[in-house]
Structure formats: C-alpha cells, structure tokens
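Enquirer: Each chain is listed here by its residues.
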Amino acid sequence: MSEILLEARGVTKRFGGLVALNDVNFTLESGSIASIIGPNGAGKTTLFNVFTGFYAPESGEVLVGGRSIVGLTPDRITALGVCRTFQNIRLFKNMTVLENVLVGAHTRVALRFWDVVARTPAFAREEGAALDRIGRLLDLVGLRGKENDLARNLPYGDQRRLEIARALGSDPRVLLLDEPTAGMTQGESRALMDFLRRLIRDLGLTILLIEHNMRVVMEVSDRVTVLDYGEKIAEGRAAEVQRNARVIEAYLGRGRAAGGAVTP
Amino acid sequence: MDWQLVLAILPQVVIDGLVLGFMYALIALGYTMVYGVLELINFAHSEIFMVGGFVGVEILLSLQSHGWLGRINPFVALILIVLAGMVVAGLLAVAVERIAYRPLRSAPRLIPLISAIGVSFFLQDAVRLTESLWRNAFYLTYPSFAVLNRRIELGQSIDFSVKSIVVIAASLAMLVALQFLVKRTRLGRAIRAVAEDQPTASLMGVNVNRIIALTFLIGGAMGGAAGVLFGVQYNTINPFTGFIPGIKAFTAAVLGGIGNIPGAMVGGLVLGLLEAFAASYLSLFTGGAFGAEYKDIFAFSILILILIFRPRGLLGEVVRERA
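Protein sequence lines, in the order shown, are assigned to chains A and B. Heads up: the first sequence at position 17 corresponds to 17 in my numbering, and the numbers run straight through without jumps. Quick note, my numbering runs 1000 ahead of the 1-based positions in the second sequence.
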C-alpha cells in the first residue's frame, strides 16, 4: 500500500451556528487522483481551506506526510508540498505569466537579496534552475511564448491553466484543484483530464479535485468522497459511489432516490 | 510681464522644484508601499522621516564635538549619515508595524488609522523629550559643509548649491534601486503579490507577515534617507518637522495613485515642481497680487483639479480587485 500524503482525522469546522465540516475523516494516497463531490454548500471548499491552513479546524487533525499542520500558516503548508487552485480564478492579475509562476515558486528559490543585487553565482544557479523548471511547466500547460503577457489579459482557459502552473511552481506533492473544469467545454475538460493524468505520471504528483462535472469525476478518479451538509456520506471507487443510495438522495432529493444511478 | 526674467530664472526654479519633488517622492514611497500591502494610511510615516533627520544631525553633532567633522570627507560623512538614517528609520518603521499595527490587522480599518495617529504623536514627543534631556534643545541645526554649500553659477541669474545636486542624485539613485527591487527581485514580486491579494499570496507560499515587515523596512528606510537629505538641504530640524513634508508627500502619493510605486515618484515630482513654480512665478504672473506665500494654495488647487478629473490619481488607472 502506498504512502498516505494527506489525511484529515475527525475534522470539524463551524462558522457561528453552521457546521461546515462535521467529524470528517479523509485519506489521500500518493500517486492517486481523488475527487470530492457533493451538492453546493456541502463543505468541499471549506475542506480545501482547512487542508491549506486558511482555516483552522475547531477540532480534529490534518496531517501532511504524517505531520500535523494544524496551526501552521498557509505559506508553511505550501512549503510542505500542498498547493491549490481556486474555483473563482485568483491570479495576480497585474503581474505577468512568468511572475505569477515565480511567486508560486517563492518557497523553492532560496535567494538572499544580495544574491540578486550582486548577481552572485548562487543567483545564476538558483534563478537559472527555477527558470528552467518554470519553462518546462509553461510548456506543460501550453503557455510558452506568453511569459510576458499580463495575467489579466489572458483568455479564460489560459487563466485556468496559469493557475495550475502557478500552483505547480511551488513544486507540490499534493495539488488541490477547486473545480478546474468550471466554464470549460466538454472537449476542454477532457484535455485537462489528460493533462492531469500526465502530471501524475511525469511529476509523480497526487491530485485532489473538487468537481461538479460528473463525467470528469467518474472518468478520472481513483477514489471519490461525497460530502453533504459537512458530513462524509460515502467514499469509494467511482462506480460504487455512483450507486450509493445516500449519494443519489443527496443529489436528487429523497423523493426521486428510487430510480437509477447518478448520471451526468 | 517680463518674459525675459521668467525664462532667465526657469532653470533655477526647475532645480528647486526637483529637490523638493524628489524629497516628496522618497517620502511618498513609504505611504504608497504600506497602503499597497495593508490599505493603511501610515500617518506615523512623517515621524519616521523626522527621526531619520535627527539621526543625521546627531551623528554630525557628535562628530563635531569630537572635532572629527573637519577631518572627514564631507561626501563620506553624507553617505554615512544617509545610511545610518535609513537603518534607524527602517528598523523603527518595522517596530511600529509590529507593535502598533499587526495586533490590529483584523480590526476595522479605522482602528489602525487611529493607532497610526497615536504613534505619530508618541514619536514627536519621544524625540522632543530625549533631545530636551540630552541637548537641552530640540530645534537642532545641521553642521554645514563648505563644499556642499558652494554654489555653482551658470550665467548671471542661475546658481544652485552643490547639495541640491547631491539631494537630487541621491534620491534618483534610491528610486532607481527601489524600482529594480520591486520589478526584478523575488522580494519585489512577493511585495506585489501581497499587495494584490494577500490570502492568495499566502496560499502560494509567501510569508505575508515577513513581507509586510520588509515593506515597512524599505518604506521607512526611504523616509529616513529623505529626513537626512531634508536636514542637509534646509539645515534645521525639530520634532514637528515631519508634519508638512509628510502631508505633502501623502498628497503626492494620492496624486500619483495611492498604492502605485511609480505613481508616488511622479506625484512627488509634480507636486515639488508645482510648488517651486508657484513660489517663483506667482507674484510675477499676478503683478504682485499673490506672493510666494500662496504657493501651497496654488499647488493644492491644481491637485484638487487633477483629482476631480482623475480620481484614481495620475498613474492610478489600474483598478485593484479584491475577492
């Protein structure tokens, strides 16, 4: 059995009286693609925010590579190898494509100010290596040649890809993608899925998706976790989850739960 | 009107304006950078500037009292006091952020503003108290250097002091260095990322607290350098010196587009030049009805006009969006 990279143990997160996550347990094995699905407001994005240290859970533990990260600031968690993209694109709009990815690589370039000013050998080495790696990332996402375009001037699809490249800039072990296919056509989604599979193969990445597009989820995921009202109601292989009565109920409502599987 | 006279004094006016303008630009950077990362108007910045000025005069006075001042090359002394002013002012700005702003980071925006005003009063009185105890006076005069006060004459009616050129050159060098830092370095990228979207920068691995502290360090250092240059240029300094240049530099930052670094530089220069033009030409152009003492009214009227037509400032066309 492969290593568990990311784990939630009994995570509970409240906002005032609302329980956004209720005693959620979750594990993510290295080298896999997993998806979190659930109706709107089920707590999917909240779980991402807990994983990245943006929210601290009221109780429970979050572990990255077996190490507890509760109480760490988001930048420390990024340094441990967890990075994410956003449902509503949050690029640094007034910075170039290259600069966006370089900010993503912030924790991976160990440079002192003087190295930059004096152009020391350390600078040439580190910056050169970082730029090489980023060049390959931009090739990978198909943004080569647009390095100096401002992020806000990119078309929508490119912005989505740049968000992924920026997250990859931090050289993560786990990549969290929040609805990466939102606003994409079926063809674009398919291309993105192929791209994600390639990432796993070439970069040895582990991917966790939040996704509404069921076709994508069913096709790509090794495991699917279903949240509803902050609780995990099902987990397993895509085909199993698809037939789960509670899942069908959560998606379609009690009355219609009698017939058939969840279809896209 | 005597156009010949107008033209004859023009180069002089431009140089005076540039001296003033570069000084405003240096101070304005501190306001605009801090606003960029925190959306806070750091009203204590004018006192950071003032403290820089006091560091410079204290070093010169103690060198003088040991009889070393005459033996040092004035330019070496100048570099020394500018650097010392930058270090002390920069560290002071970091301390102010740590003590007076960071604990209030999540408070409503008015609260840190009030805290900033409090820090401003505190620093004024702290300097007044220590200088009163230490020197029995808090209006201090910069020891003058003959070389720096020497005037360069070009033609009959134009002459300017060496120190004006020194102030312009030093400010220009710092502005270029800052532009390089912000545009080309990892730290600069991180500062811009934090300014644009703090939570996202944090999620991408940027240590936001550290970047904010470094922003205060850089802005404070620029303000401290401006304080020393102010003292060298205008000779006297007191604990309340910071107020007027501070307000004007803040205005310059708004004029250029608050949060916009090149904007602060442009705004500073525009305001400095306007003021110098008004000081020299108002009485000429109005037949003596308005004298040089109306320079601020003139400069600020232009400013109000510019802001009516460009509310985001001269270079403030970039709209910052926050999710």
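Hints in this document: simulated from the structure, not taken from any laboratory. The structure presented is a predicted model; accordingly, all values stated were derived computationally and were not measured. Certain hints may be false.
Pulled from the structure, derived: some chain A residues nowhere near chain B, Cβ distances all over 10 angstroms [said to hold, decoys possible]:
(1) 45
(2) 67
(3) 128
(4) 148
(5) 214
Interface residues of chain A toward chain B, partial, derived using beta-carbon atoms under 7 angstroms [unchecked claim]:
(6) 75
(7) 103
(8) 170
Label pairs and their computed distance ranges (CB to CB) [to be verified]:
(9) A/182 with B/1109: 40 to 50 angstroms
(10) B/1110 with A/152: 46 to 56 angstroms
(11) A/70 with B/1109: 22 to 32 angstroms
Yeah, the Cβ is synthetic: ideal placement off N, Cα and C, and Gly gets one too.
Enquirer: Which numbered hints are broken by the structure, listed smallest first?
Expert: 9 and 10
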